[in-house]
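Produce the complete structure using the sequences and hints provided.
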Amino acid sequence: MLGYVLRRMAGFLPVLFVIVSLSFFMMRLAPGGPFDQERALPEQVRANIEARYHLNEPLWRQYLRYLGEVGRGDLGPSFRYPDRSVNELLLLGFPVSLTLGLCALTVALTVGGAAGVLAGLGRNSFLDYLTMSFALGGISVPNFVLGPILMLIFALGLGWLPVAGWGTWKHLVLPSVTLGTFYAAYVARLTRAGMLEVIGQDFIRTARAKGLREATVVLRHALPGAILPVVTYLGPASAAVLTGSVVVETIFSIPGIGRYFVNSALNRDYTMVLGTVVFYSLLLLLFNLIVDVLYAYLDPRVQVR
Amino acid sequence: MQTRQWKPILCMISLLIFSLPSFSPGAEEQVFRINNMVEPESLDPGVVTGVPEHRILSNLFEGLTTTDPRDLSPKPGMAASWTVSQDGLTYTFKLREARWTDGKPVTAHDFVYAWERVLNPKMGAKYAQQLFYLKNGEDYNKGRMTDFGQVGAKALDERTLQVTLRCPTAYFLDLTSFYTLFPVPRWAIEAHGKDWVKPGKIVSNGAFRLVSWVPQKELVLEKNPQHWDASDVKLHKVVFIPTDDINTAYKQFQAGESDWIPTVPPAQLDTARNRAEFYVSAYLGTYYFRFNVTKPPLNDLRVRKALSMAVDRESLTKFVTKAGEIPTSTFVPAGMRGYEGVKGLPFDVAAAKKLLAEAGYPEGKGFPKVELLYNTNELHRVITQAVQQMWKEHLGIQVDLTNVEWKVYLARQSGLDYQLSRAGWIGDYVDPNTFLDMWITGGGNNQTGWTNKRYDDLIAQAACKIVNASDRMKTLQEAERILVAEEVPIMPLFTYVNKGMLSRRVKGWHPNILDQHPLKYISLER
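Chains as they are written, first to last, in this note's numbering: chain W, 1 to 305; chain L, 306 to 831.
Calculated from the structure, these hints are not laboratory results. Among the hints, a few may not be true.
[Stated by the list, open to error] Per the computed footprint, the stretches of chain W lying under chain L, defined by three or more beta-carbons under 8 angstroms from a beta-carbon of chain L, are:
no.	stretch
1	35–41
2	54–62
3	80–87
4	158–165
[Unchecked claim] Here are some of the chain L residues that sit facing chain W, going by a computed Cβ distance under 8 angstroms:
no.	residue
5	Ser347
6	Asp349
7	Gly429
8	Ala496
9	Lys499
10	Lys528
11	Asn552
12	Thr553
13	Ala716
Yeah, the Cβ is synthetic: ideal placement off N, Cα and C, and Gly gets one too.
Below you can see the structure in the form of structure tokens.
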């Protein structure tokens with residue numbers, strides 16, 4: 001197992017190399033630069049700044065310099081925030097994005113799981129149709145629509161929660177729900193499908209024949225089998241929640257990595273864009289690995305070699 | 306097996322609990338919360354260039370002069386008094402007894418050090434030009450001179466600063482209240498490098514001092530009890546919130562999470578203006594279109610004039626921008642001390658049609674495809690659409706609209722890769738020069754390809770040769786007349802307004818043309 005993990009991690013390097021190289025050159029192809037602004041800089045001032053950040057060197061040398069720095073784990077200084085390094089900003093933003101992501105996943109799993117179980121048990125009942133309609137809604141409504149609606153109702157209308165910001169548990173509720181709804185809907189559909197498959201099987205009939213209470217049958221015997229597809233989905237979902245909080249972080253003014261990602265691309269903050277891309281790539285690769293390992297652990301039919 | 310399946314979820318829940326951030330304390334009295342709309346780029350006076358940074362830094366540090374909260378005229382700051390020589394070139398500032406937050410005295414050397422730092426080419430300061438007014442300042446920044454002793458900034462003693470200018474500059478005392486000219490603490494910068502602006506390390510000399518700064522979350526200042534004017538400062542704490550989503554920012558204000566937002570989402574204007582918290586006032590800025598005079602058909606003066614004269618600016622501000630913007634066909638905003646202003650081109654459809662016919666396009670026939678460039682933004686979209694419609698209706702010509710992302714827009718404009726483009730200009734200081742010297746031949750902000758010898762001469766004369774204030778203003782007027790009525794490389798549309806929402810609790814806050822509100826005059830009512 002350890003050998004497998006190490007081999008997979010060694011495989012990360014060429015992937016990251018390709019990602020860094022592609023992003024580096026794509027970023028440089030975009031028109032405009034980090035120091036373009038409405039108020040044009042005097043020629044000499046611009047030259048001074050470019051010299052300071054080595055932007056006056058030929059592109060290939062800048063590229064090699066950057067590769068060397070990334071190799072040492074240094075993502076460089078931010079062009080936009082000259083007092084801070086990219087590493088520092090990512091380290092500040094990651095715990096925030098992680099907290100938000102985990103809360104959103106919790107929403108997705110609890111709400112989605114419960115809805116899926118209920119829908120699966122009462123197939124074609126009113127409850128089934130109701131939850132599945134909600135699930136369809138959850139998948140269809142984009143978070144930049146859902147977020148402001150929730151804000152209007154719970155922050156401005158009822159005054160229960162703050163509009164935006166970060167700091168207390170109250171600040172977490174609306175963004176987590178906004179971010180988690182899509183995944184909750186997906187989890188609900190997966191759980192329902194899993195439930196339908198499991199509930200008709202022999203061992204469930206046996207459990208019922210033993211005279212077990214229905215709750216025990218469902219929770220102890222049926223559910224573990226039913227949520228296997230959800231576990232498979234958990235890997236990509238976790239990665240997607242962590243890297244996909246860009247919109248939610250912007251709407252709710254949350255100091256996570258997603259906001260830097262968008263803003264730095266618009267600002268042509270080269271090092272910050274590349275740093276975020278490297279970080280996100282690493283995260284995605286890691287999550288895929290974790291899912292593969294986890295799956296082998298949960299399902300005895302799968303073996304890692 | 307059964308318990309195993311819940312492990313990942315349990316893990317997550319526990320992780321979640323441990324990673325929850327700590328609670329922040331509730332609101333106290335005299336806490337002013339400003340939505341600053343964006344994360345400040347830096348807190349280093351030598352580094353920053355933006356308005357959001359100005360809102361913070363002008364309270365955290367203090368220059369030789371400060372600004373009056375009503376009319377922004379210079380008032381004593383670190384300098385208790387000053388004298389100006391007859392020729393307007395030498396300023397001698399007498400510093401007051403003031404201390405940095407670490408207890409060290411503020412001296413004339415701190416200013417000289419700060420100015421050398423900004424002008425030093427190695428620093429790569431973006432706003433170095435703010436110090437080009439000093440004698441030899443520009444040469445030092447360009448590396449043509451390496452001895453800072455030759456530059457016009459000298460500490461005669463601990464508390465006397467002598468400044469020698471390149472030219473008599475009528476607005477120099479306005480500039481000394483600007484952050485690029487603030488003093489900085491050499492010892493702190495040398496000890497901590499670029500980290501010197503972080504909480505716990507920063508040393509400052511303003512009416513407020515830094516408490517905390519979490520990027521993208523909030524920045525907190527508190528009253529600096531050591532400041533020379535501390536007894537007049539009423540606020541205890543100021544919180545700057547960097548919400549960049551304008552709609553969210555507006556909702557935060559509505560929910561009482563901030564006391565001031567310096568803008569209103571265009572879609573909310575109609576409802577916002579009916580609220581008591583809404584404010585609007587003239588701003589030192591002009592919204593205009595640039596013509597690329599190097600490309601046909603806009604190299605033809607008659608076409609440029611026709612386009613400009615066919616736009617009904619009154620309707621534009623009344624029905625499209627709607628916040629009370631002031632329609633204008635001149636470039637320098639009205640209300641500049643001692644400047645009378647000139648007559649721009651009138652709205653005259655018949656004359657415009659005639660000019661267009663003379664240029665070879667009667668009733669717009671045969672007019673080539675022309676593209677109007679703007680950066681992606683809701684307001685620019687509706688404005689350009691309205692003007693497009695007016696041209697179609699009044700002149701019978703079709704202009705295509707192209708929206709591009711901000712940086713692309715900047716690159717295309719400065720590379721003259723456009724025909725028509727929308728633009729805005731906000732003055733740096735209260736003097737017509739900040740609107741006019743940008744149009745000289747080859748000026749970095751000209752970006753129209755326009756060049757006019759007489760205009761260049763007039764600007765140069767006003768900058769350095771004329772000492773008499775009213776003669777200088779007349780010279781600038783003549784220059785503006787060439788710009789907006791004779792040669793027309795641009796077509797001004799309206800004067801910007803500040804629009805925003807201010808809590809009714811806030812006192813001591815006065816509307817002014819730069820939307821600057823020194824916090825030391827502000828207080829909150831219960």
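Verify the interface restraint on L:Gly429: the C-beta must sit less than 8 angstroms from at least one C-beta of chain W.
holds, 4 angstroms
Report holds or violated for the interface hint on L:Thr553, using the least CB-CB distance to chain W and a cut-off of 8 angstroms.
holds, 5 angstroms
Taking the least C-beta to C-beta distance, is L:Lys499 closer than 8 angstroms to chain W?
holds, 5 angstroms
Does L:Ala716 pass the interface hint, meaning its C-beta sits closer than 8 angstroms to a C-beta of chain W?
Hint holds; L:Ala716 Cβ to chain W Cβ min 4 angstroms, cut 8 angstroms.
Would you check chain L against the stretch 54–62 of chain W, counting CB to CB pairs closer than 8 angstroms, and say if three or more residues qualify?
violated (count 0)
Should the hint that L:Ser347 touches chain W count as held when the rule is a Cβ pair under 8 angstroms?
At 5 angstroms from the nearest chain W Cβ, L:Ser347 passes the 8 angstroms test, so the hint holds.
For the stretch 80–87 of chain W, does the count of residues with a C-beta closer than 8 angstroms to a C-beta of chain L reach 3?
holds (count 5)
Please check whether the stretch 158–165 of chain W has three or more residues whose CB lies within less than 8 angstroms of a CB on chain L.
holds (count 5)
Using the nearest Cβ pair, does L:Lys528 come within less than 8 angstroms of chain W?
Because about 22 angstroms separates L:Lys528 from the closest Cβ in chain W, which is outside the 8 angstroms limit, the hint is violated.
Agreement of hint L:Asp349 with chain W interface, Cβ distance less than 8 angstroms
Hint on L:Asp349: holds, closest Cβ of chain W at ~7 angstroms, below 8 angstroms.
So, as I understand it, the hint says L:Ala496 touches chain W; can you test that by seeing if any CB pair is closer than 8 angstroms?
violated, 15 angstroms
Mind taking a look at whether chain L covers the stretch 35–41 of chain W? Criterion is 3 or more residues with CB to CB distance under 8 angstroms.
holds (count 7)
Violated hints for the displayed structure, listed by number in ascending order: 2, 8, 10.
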